[in-house]
Structure formats: structure tokens, C-alpha cells
Amino acid sequence: MTDHEDGPSRRKVLECMTWAGTGVLWTITGGVPHSLGLVGEAAAQEAKGLTFLQISDSHMGFDKPANPNVKSTLEEAIGRIKTMPAKPSFMIHTGDITHLSKVSEFDDAEKIISDARLDVHYVPGEHDIIDPENKLYKERYGRGTKGDGWYSFDANGVHFMGLVNVANLKGGGMGSLGAEQLSWIEDDLKGRSASQPIVVFAHIPLWALYPQWGWGTEDSERALGTLKRFGSVTVLNGHIHQVMQKVEGNVTFHTARSTAFPQPAPGSAPSPGPMKVPDDKLRTVLGTASVTFKQGEQRLAIIDTPLQG
Amino acid sequence: MNYSGMLARSAMAMLVGFFVAVAPARAADVEVKIDNFVYNPQQVTVKAGATVIWTNHDDIPHTVTSSTGVFRSKALDTDDKFSFTFTTPGTYKYFCALHPHMTGSIVVEAGP
Chain A
1 MTDHEDGPSR RKVLECMTWA GTGVLWTITG GVPHSLGLVG EAAAQEAKGL
51 TFLQISDSHM GFDKPANPNV KSTLEEAIGR IKTMPAKPSF MIHTGDITHL
101 SKVSEFDDAE KIISDARLDV HYVPGEHDII DPENKLYKER YGRGTKGDGW
151 YSFDANGVHF MGLVNVANLK GGGMGSLGAE QLSWIEDDLK GRSASQPIVV
201 FAHIPLWALY PQWGWGTEDS ERALGTLKRF GSVTVLNGHI HQVMQKVEGN
251 VTFHTARSTA FPQPAPGSAP SPGPMKVPDD KLRTVLGTAS VTFKQGEQRL
301 AIIDTPLQG
Chain B
1 MNYSGMLARS AMAMLVGFFV AVAPARAADV EVKIDNFVYN PQQVTVKAGA
51 TVIWTNHDDI PHTVTSSTGV FRSKALDTDD KFSFTFTTPG TYKYFCALHP
101 HMTGSIVVEA GP
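Those protein sequences? They're chains A and B, same order as listed.
Heads up, the first sequence is in our numbering, so the first residue is 1 and it goes up one at a time.
Heads up, the second sequence is in our numbering, so the first residue is 1 and it goes up one at a time.
Hint data in this document are derived by calculation from the structure and do not stem from the laboratory.
Just so it is clear, CB atoms sit at the ideal spot from N, CA and C, and this is done for glycine as well.
Please note: incorrect hints may appear among the correct ones.
The calculated lysine-lysine pairs, modelled on DSS-like cross-linking and capped at a C-alpha distance of 27 Å, are [stated by the list, open to error]:
#, chain 1, residue 1, chain 2, residue 2
1, B, 74, A, 135
2, B, 74, A, 170
3, A, 276, B, 33
4, B, 81, A, 170
5, A, 82, B, 33
6, A, 146, A, 190
7, A, 64, B, 74
8, A, 102, B, 33
9, A, 138, B, 74
10, A, 135, B, 81
Now the in silico label distances, taken between C-beta atoms and shown as ranges [what the hints assert, rightly or not]:
#, chain 1, residue 1, chain 2, residue 2, range
11, B, 33, A, 102, 21 to 27 Å
12, B, 36, A, 144, 38 to 44 Å
13, B, 83, A, 63, 23 to 29 Å
14, B, 79, A, 144, 37 to 43 Å
15, A, 248, B, 112, 56 to 62 Å
16, A, 72, B, 87, 48 to 54 Å
17, A, 276, B, 40, 18 to 24 Å
The shape of chain B in the complex, shown without the other chains:
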């Protein structure tokens, strides 16, 4: 490998490193806990690109099911997680397909 090739590779590596480093800062993961048959927080506002992670802390399975079919978790047993990355701005309502009185929403704003 000649010198310019090495330079290109290290530039590439720096670039990759740059993206890895800044991605979380642009759209941090957001946690939603499921506790006592409630999504907490019930409404979350995130920037486009953010990933929301739900964790079920109940002794009963729950789901995270989009009202418009955008996302649909399997049944989450105790301590199971489900995550979804929101890329398009909008309001995403969801509920538990097993206990549909449980509802929540994710508001996605345009990224910076």
C-alpha cells in the first residue's frame, strides 16, 4: 500500500469515527418504561433519527403496537425490550395490543 492509499484509509477511519461519535448527540436514545400497565413517560418528544427503547417491568406481558401499523413489538415478557428508530417527523400513537387501555405517543420533530 502506498502513502496516499494509507492516507485515504485513515481519513475514512476518521470519518467513520466522526459519525459514530456524533450520532448519539444528534438523536439520543430515549427510554420508555412500562410499569403498572402504564407507559412512562406516556408522551415523549424526540428529534428525527432518535431511537426509543421500551422496557417492560411488569410481571405481565405487554406490547408496543402502533395505532397506524408503523411498528409492532412482539409480546414483551418481564424485562424484555423493544426499540424503534423514528426517522420521519409526526405524532405516533401506540397502545398495548393485550391491554388496549394502555396508550402512549411519540412526537417526532424535524432534526437539527
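Next comes chain A alone, as it looks inside the complex:
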């Protein structure tokens, strides 16, 4: 847990977040997101206000050597969420629920994730919209959403925006929001107080994390420009199956781990494909991490706490 700073900056500061297994544990008190400390610590029991979790990249149906049993690692992640002393208000899933957009894969994800008994707010990954008519994701999770599945909601004074940057991608490009969604983002934020904390979540990172591997969103600049006037903006992504963070002005970006398999660090392998680690090491790369940062001071610290080891 970090020391808190007094003063106006505190209201802007997303100070600390904690990874619960493969989920990120957040709490927001009085409109200000801050940490609960490590899951299982006494601090978590004292949490008040809004708490939510992020899980990502479950890849139901993946059966290759990097993790032949993605169902069991998702079950473990959900199992850990269930034992948290402070029950989160809801979860967000930042996409790649399935590996090949098959009905059975969506069913498996639903069955396992629903065991957490939490509301889940989804956004699709590119693996979730590859059935021939791109119907399955929208049928299950698209109710009340716009376009390819984007939407927003408010919880405890925080404004959440679930974005889709995996649809209608162009050759040679990266993730893309598209003109229609960009206009919607502007409309959705119009008239909101700059002091309202904003949490944006989407599958592919919204910043140019590693364009050589397509890890970025080519038209995110306009969206981020719209978000600039807000004092606290947190952007939560998945897709790259590892923790990465960046702070830019009042905007903090971070990517979550996968519950299925790790991917290599940018440029450290010939391709971003699934990374095989020794079996006894798998849970150490899908494991718990806590991330702490003080946005006001532009400093951040990442503390990985593996599920195992």
C-alpha cells in the first residue's frame, strides 16, 4: 500500500491496484480509485466503496503445449476470486473469452466465470468474433450495446466505457476503434465533469505498445484527446498476456495477464505467439501481481505476486 498524498491531486490519483490471481483488484472510495492492498490482507477486509476485478484472455478451447488445460487455470482464477475477503462489485473481462468463437467455448467460459457469482462486463477480443457471421458474441454479450458491442455505465460515481477495437481491422494496421465509435466516445463524455474518474476498457492496448506485433490501436489518439480533460483516466486492456504499464499525464494504461497462457515480452521472440514455459512454471506466469502507482508523481511500481512459487 502506498502512502497517500493530501491535496487535490489525491482525487486524481489511481494509487494502487492489486492483482488477485489473474484478476486485478480495485477499490474506489469517494470516487477515487485506490488499492485494497494485497488480496487476503486485512486491508482488503476494510475496503469500502467500489471494488471490481479485471480478468482477461481466457481463450477457452486453446489446447496447445503452452497450456493444454485453459479451463482449469480459469477455474483457479475464479476460485481465488471467490475466496476474496472483500467481495468485488463486479468483474470486467477484457476479451478473448474464447479461442475460436465456438459455441462450446462460450458455454465453457460462461459456466466457469458465472461460478464467481458476479456481474461481468465484457468486451470482445479478436478471437471472440471469428464465427462466420460474427453473431455469437453479440447474441450473448451485445444486449444494450452499440455498434460492434461498445457501451458505458456508471458505478459509484465512476464512468466505465467498454470499447471494441478488434472489429473491421485493416491490412497493415493495428487495433481500430473506427469513426462511428470515436464519435460515440465524444458524445458519451460530453457534459461530464472533468473530476469524474473514467475507466476505459478494451481488448487491444490503446497505446502503441509494440506496433511491430500489432500491439496498439491505430486511431486511439482521437479518443485519448477527448479524455485529456479528465483528471483521472484509467485504461485497462488485455491481448498481450502480460503486465505492461504506462502513465501519460492523467492517463494510466495497463494490460492484464491472461488466465490461459503467457506471451513473450515485446521483441523478445520471433512472434507474439503462445509462450511455452515448463509445466511447473505456468502458474508463476499466470499468477498474482500487485501494481502500485502514484499518478500525480508519475511514478509507478509493479510488484508481481505469482499464483504459485
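The hints should help you fit chain B onto chain A, whose structure is shown.
Positioned in the frame of chain A, the structure of chain B alone reads:
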């Protein structure tokens, strides 16, 4: 069946045999491998009539999607194949709809 009928049939058979035998020689199948998020070879030049066969060797699905909508594979899981026969000369750019930084092109030249 009379003699001339048999002759016609065997001539037909010879003709069919002839086409089957020469078709691959005129426009051989060309293989493109998908390895490590790369189409290999990335650019291929073929004669009109040639069939290009893509095979995904990655542990992650990819697609072969024409930039102009001429062809579009489904998501190819590991070892899945997609083939397309190019009949009209031109340059056909394509990419992976899941990982659009993956690009390739097929240059089709007029046949002999």
C-alpha cells in the same frame, strides 16, 4: 455400342486425360506457410490459373483476407489450410483479419 461410338469415347477419355495431365504443369499449386505471424513467402508470383495454398503452422489462428474482398478464409486453426485459384492477372494484397500487421501479396501474371 458400335465401333465409332467406342472410338469417340476413348478419344474423349484421352482428351480428359490430357487436360488432367497438363493442368498442373500450366499453373502449379503454390504453397504459402504461415509461421510466427508471417506469410512465407510474403510475396508470390504465379501464372493465371494457379492455386495458392496457405497452411497455418502457428498455435494461434490466422486468416487469409483479401484487402479488396476477392477472397476471405475462415479462421485457420493450427495446420488448417486455405486455397484460392487466381484466374485474373493483377496484384492481390491480403492480410490476417485477426492480426492485421501480417500482410502478403500474390502477383498473378498472364498465363502462357
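Worksheet item: So does residue 79 of chain B sit 37 to 43 Å from residue 144 of chain A, Cβ to Cβ?
Response: Roughly 39 Å apart at Cβ, these two residues keep to the hinted range, so it holds.
Practice prompt. Verify the proposed pairing of residue 74 of chain B with residue 170 of chain A, using a straight-line Cα cut of 27 Å.
Written response: holds (16 Å)
Discussion item. Quick check: does the Cβ-Cβ distance between residue 33 of chain B and residue 102 of chain A fall within 21 to 27 Å?
Written reply: Taking Cβ atoms as reference, residue 33 of chain B and residue 102 of chain A lie about 25 Å apart, which means the hint holds.
Worksheet item: Is the gap between the beta carbons of residue 36 of chain B and residue 144 of chain A within 38 to 44 Å?
Response: holds (40 Å)
Worksheet item: Does 18 to 24 Å hold as the CB distance between residue 276 of chain A and residue 40 of chain B, or does it fail?
Response: Distance hint for residue 276 of chain A, residue 40 of chain B holds at roughly 21 Å.
Worksheet item: Within a Cα-Cα threshold of 27 Å, do residue 146 of chain A and residue 190 of chain A meet the stated pairing?
Response: holds (17 Å)
Discussion item. Would the hint linking residue 102 of chain A and residue 33 of chain B be met if the CA-CA limit is 27 Å?
Written reply: Between residue 102 of chain A and residue 33 of chain B the Cα gap is close to 25 Å, so the pair holds against 27 Å.
Worksheet item: Taken at face value, is the distance from the CA of residue 33 of chain B to the CA of residue 276 of chain A at most 27 Å?
Response: holds (22 Å)
Worksheet item: Is the gap between the beta carbons of residue 72 of chain A and residue 87 of chain B within 48 to 54 Å?
Response: holds (49 Å)
Worksheet item: Measuring from beta carbon to beta carbon, are residue 83 of chain B and residue 63 of chain A in 23 to 29 Å?
Response: 25 Å Cβ-Cβ, so the 23 to 29 Å window holds.
Discussion item. Please verify whether residue 138 of chain A and residue 74 of chain B have alpha carbons no more than 27 Å apart.
Written reply: holds (19 Å)
Worksheet entry | Pairwise hint evaluation, residue 81 of chain B against residue 135 of chain A, where the allowed Cα distance is 27 Å at most | holds (24 Å)
Of the hints listed earlier, the one the structure fails to meet is number 5.
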